[in-house]
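S.K.: Residue-level listing of the chains:
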Amino acid sequence: MVVTVNGREREVAAGSAVADLVTELVGSADGRGVAVALNGEVLPRSAWSTTQINAGDRLEVLTATQGG
Amino acid sequence: MDDRFELGGVTFTSRLILGTGGAHSLAALEQAIRNSGTEMVTVALRRVDAAGPSGLMEVLQRCGVRVLPNTAGCFTATEAVKLAHLAREAFETDWIKLEVIGDDRTLLPDAVELLAAAEQLVDDGFTVLPYTNDDPVLARRLADVGCAAVMPAGAPIGSGLGINNPHHIQLIRQAVDIPVILDAGIGTASDAALAMELGCDAVLLASAVTRAADPAAMATAMRHAVIAGRLAAGAGRIPRRHHALPSTPDEGRPDL
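Protein sequence lines, in the order shown, are assigned to chains A and B.
For any residue, its number in the working numbering is found by taking its place in the first sequence, counting from 1, and adding 21.
For any residue, its number in the working numbering is found by taking its place in the second sequence, counting from 1, and adding 420.
If you are wondering where the hints come from, they were derived from the structure by calculation, not from laboratory data.
Since we're looking at a predicted model, the values are computed, not measured.
Ideal Cβ placement from N, Cα and C applies to all residues, glycine included.
Each hint should be verified, as a subset may be incorrect.
Chain B residues, not near chain A, derived (Cβ > 10 Å throughout) [what the hints assert, rightly or not]:
no.: 1; residue: Phe425
no.: 2; residue: Thr462
no.: 3; residue: Ala464
no.: 4; residue: Arg466
no.: 5; residue: Arg467
no.: 6; residue: Lys502
no.: 7; residue: Glu509
no.: 8; residue: Val532
no.: 9; residue: Ala575
no.: 10; residue: Ala604
no.: 11; residue: Arg657
no.: 12; residue: Leu676
Which residues of chain A face chain B? A few of them, derived with a C-beta cut under 8 Å, are [what the hints assert, rightly or not]:
no.: 13; residue: Val23
no.: 14; residue: Val24
no.: 15; residue: Asn27
no.: 16; residue: Leu46
no.: 17; residue: Arg53
no.: 18; residue: Ala56
no.: 19; residue: Asn60
no.: 20; residue: Ala76
no.: 21; residue: Gly77
no.: 22; residue: Asp78
no.: 23; residue: Arg79
no.: 24; residue: Val82
no.: 25; residue: Thr84
no.: 26; residue: Gly88
no.: 27; residue: Gly89
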């Protein structure tokens, strides 16, 4: 199924949880320095593994970067 | 000298907060953090695919510094509040350097959106450190809604112009009972010392160190500048005079 991740369309396996996507993008799902917004709402880290991704979802996966 | 700095219920020894933006490598950043003596550094949140080289969090952990996330790049209160909540998830901290920018060219704060975001985030339980204009009235309003400090700009972000309106920084110091942290505009060590002499409680800077030709050396300079400025502020400077006042006695001069 197709979802939008960080502004780009991406193919994600049906039944994937948000935690699976984070692991794929960041390399681990411990979540340190990583935050996720699902369809414009903050998704707490504690809900990553129990939240399934649905077709058409819009996700923002953010990470720590240098900034003043 | 025991001169602790209380901010948001936390006691700091260093009065220098370092922004991590602009460093050309993580190794350079790490050396700058160590030389600066800072105990807290700012970080930003960006999309994973656009983010720079990973390993930033590991560097910060090695240095043992607190992380102060920012809301850089937000133009509205709604955006900034949402990004602050994401930062809370990412960094497990209620502290936020609140930036709500009014325009791309000056990167100066949008006062209306800033105040609205600050009020919301205080309600949501955040320790709010707003990057604000050098406006004493706005500073008072930010203090009134419960911000933990105010962080007026000396000059636009990254400009290195120093402190454009020292008088307003002094007025802000008199207008609020919370810490005043000079944020943005610092170009070199004398600017940081001046901020402290004007009565600021701390200085936040990034580019002045990270974009200096030798960031490690400038970080050391900033560490000393903040200490020197703080000491001078407490030492009571001499009044300015129009004419000279001899420091050697006139009396007993030989007739030659």
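S.K.: Each hint needs a verdict: does it hold in this structure or not?
M.R.: How the hints compare with the structure:
For phenylalanine 425 (chain B), the requirement that its beta carbon stay farther than 10 Å from each beta carbon of chain A is met, with the minimum near 20 Å. With a least CB separation of 6 Å from chain A, threonine 462 (chain B) falls inside the 10 Å interface cut-off, contrary to its annotation. A beta-carbon of chain A comes within 10 Å of the beta-carbon of alanine 464 (chain B); the shortest separation is about 3 Å. The claim that arginine 466 (chain B) lies off the interface is violated: its Cβ sits roughly 5 Å from the closest Cβ of chain A, which falls inside the 10 Å cut-off.
A beta-carbon of chain A is positioned within 10 Å of the beta-carbon of arginine 467 (chain B); the least distance is around 4 Å. The claim that lysine 502 (chain B) lies off the interface is violated: its Cβ sits roughly 7 Å from the closest Cβ of chain A, which falls inside the 10 Å cut-off. Not every Cβ of chain A is farther than 10 Å from the Cβ of glutamate 509 (chain B); the closest lies at roughly 4 Å, contradicting the non-interface assignment. For valine 532 (chain B), the requirement that its beta carbon stay farther than 10 Å from each beta carbon of chain A is met, with the minimum near 23 Å.
No Cβ of chain A comes within 10 Å of the Cβ of alanine 575 (chain B); the nearest lies about 14 Å off, and the non-interface call holds. At roughly 8 Å, the least C-beta separation between alanine 604 (chain B) and chain A is not larger than 10 Å, which violates its mark as non-interface. Residue-level check passed: arginine 657 (chain B) sits 31 Å from the nearest beta carbon of chain A, beyond 10 Å. At the 10 Å boundary, the C-beta of leucine 676 (chain B) stays outside the reach of chain A, the nearest C-beta of that chain being 61 Å off.
The closest approach between the C-beta of valine 23 (chain A) and any C-beta of chain B is roughly 17 Å, which is over the 8 Å cut-off, so the hint fails. For the restraint placing valine 24 (chain A) at the interface with chain B, the shortest Cβ-Cβ distance is roughly 14 Å, beyond the 8 Å limit, so the hint is violated. Because the closest C-beta pair between asparagine 27 (chain A) and chain B is about 4 Å apart, less than 8 Å, the hint holds. Taken as an interface hint, leucine 46 (chain A) checks out: its beta carbon lies about 5 Å from the nearest beta carbon of chain B, inside 8 Å.
Hint status for arginine 53 (chain A) relative to chain B: holds, with the closest Cβ pair at about 6 Å, below 8 Å. The beta carbon of alanine 56 (chain A) is positioned within 8 Å of a beta carbon in chain B (closest approach about 4 Å), and the interface hint is therefore held. Because the smallest distance between the Cβ of asparagine 60 (chain A) and any Cβ of chain B comes to about 12 Å, over 8 Å, the interface hint for this residue is violated. Given the 8 Å rule on beta carbons, the hint for alanine 76 (chain A) is violated: about 21 Å separates it from the nearest Cβ of chain B.
Interface restraint check for glycine 77 (chain A): the shortest CB-CB distance to chain B comes to about 19 Å, outside 8 Å, so the restraint is violated. Hint status for aspartate 78 (chain A) relative to chain B: violated, with the closest Cβ pair at about 16 Å, above 8 Å. Hint on arginine 79 (chain A) is violated. Least Cβ distance to chain B is approximately 13 Å, over the 8 Å limit. With 8 Å as the threshold, the beta carbon of valine 82 (chain A) comes within range of chain B, its nearest partner Cβ sitting at about 5 Å, so the hint holds.
Because the closest C-beta pair between threonine 84 (chain A) and chain B is about 5 Å apart, less than 8 Å, the hint holds. Checking glycine 88 (chain A) against chain B: minimum C-beta separation of about 3 Å stays under 8 Å; hint holds. The beta carbon of glycine 89 (chain A) comes within 3 Å of a beta carbon in chain B, closer than 8 Å, and the hint placing it at the interface holds.
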